[in-house]
Amino acid sequence: MQIAFLVYEGLTALDIIGPYEVLARIPGADVRFVARRAGEVTVDTGAFALRTEHALADVPRPEVFVIPGGTAGTFAAAKDEEILDWVRQAHAHSRYSTSVCTGSLILGAAGLLDGLRATTHWAAKTLLEEYGAQYAEQRVVAAGKIVTAAGVSSGIDMALWLVGELAGEDLARTVQLAIEYDPQPPFDAGSPAKAGEEAVRNALAELARKI
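If you count the sequence shown from 1, position 13 lands on 48 in my numbering, and the numbers rise without skipping.
None of these hints come from the bench; they were simulated from the model. Even for Gly, the Cβ is constructed at its ideal location relative to N, Cα and C. Incorrect hints may appear among the rest.
The calculated lysine-lysine pairs, modelled on DSBU-like cross-linking and capped at a C-alpha distance of 30 Å, are [what the hints assert, rightly or not]:
1) 114 <-> 229
2) 160 <-> 114
3) 180 <-> 114
4) 229 <-> 245
5) 245 <-> 114
6) 180 <-> 160
The following label-pair restraints were derived from C-beta to C-beta distances [what the hints assert, rightly or not]:
7) 75 <-> 120: 32 to 42 Å
8) 222 <-> 242: 13 to 23 Å
9) 86 <-> 127: 21 to 31 Å
The task is simple: from the sequences and hints, build the whole structure.
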């Protein structure tokens, strides 16, 4: 089973590393990080880079692919025809085409979300709807073989769901235990409805600085 993780300049690291840590534990999985060109790609903070061994052309038909999100880097990727062409081609042959956070905007830009229920980071709801998607306020949304996850951390939830679909719920539970994914956040502020107006304003300001 070939699983491809799309890598591009300015992605958010956890969007891709979280699902990778889960999906790479499927027995026999052929996991590949792919980018426009093989080499190093810098994450959105600029603090480190991910090294990819494969160009897009090397992995044209993955069984599963994951598109991470970000801010400015994602907006640029959503306008990159080389990336969008690869997404369309991969989707034509995939078993599951997935995204995390604003990675759904790249699916949308490729023309794959029109009329479908999908999710993304809460701050990108309007942008997602501009691609014809019906925003759903859920952690994970499956619309046929397209699966979208909400903000950054929800990529882990999505990946565990995928393991259940691809390799069975027993393995999914085993993987969840192996990575000790048992969220107990110290604050109940994980969504705009829970966080309050001041926290929402501060979060939007933080996100705006990255654009």
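Is the hinted pair residue 180 and residue 114 satisfied, with a Cα-Cα distance of at most 30 Å? holds (23 Å)
Would you mind confirming whether the straight-line C-alpha gap from residue 180 to residue 160 stays at or under 30 Å? holds (21 Å)
Holds or violated: are the alpha carbons of residue 160 and residue 114 at most 30 Å from each other? Status holds; Cα separation ~18 Å.
Between the beta carbons of residue 75 and residue 120, is the distance compatible with 32 to 42 Å? Since the Cβ atoms of residue 75 and residue 120 sit about 23 Å apart, the hinted range of 32 to 42 Å is violated.
Pair hint outcome, residue 245 versus residue 114 [Cα-Cα no greater than 30 Å]: holds (18 Å)
Hinted pair, alpha-carbon criterion (30 Å max): residue 229, residue 245. Please report holds or violated. holds (24 Å)
Decide if the proposed pair is consistent with the structure: residue 114 and residue 229, CA atoms, cutoff 30 Å inclusive. violated (34 Å)
Per the hint of 13 to 23 Å, is the separation of the Cβ atoms of residue 222 and residue 242 within bounds? holds (18 Å)
Taking the beta carbons of residue 86 and residue 127, is their distance inside 21 to 31 Å? holds (28 Å)
Violated hints, listed in ascending order, are 1, 7; each of the other numbered hints is respected by the structure.
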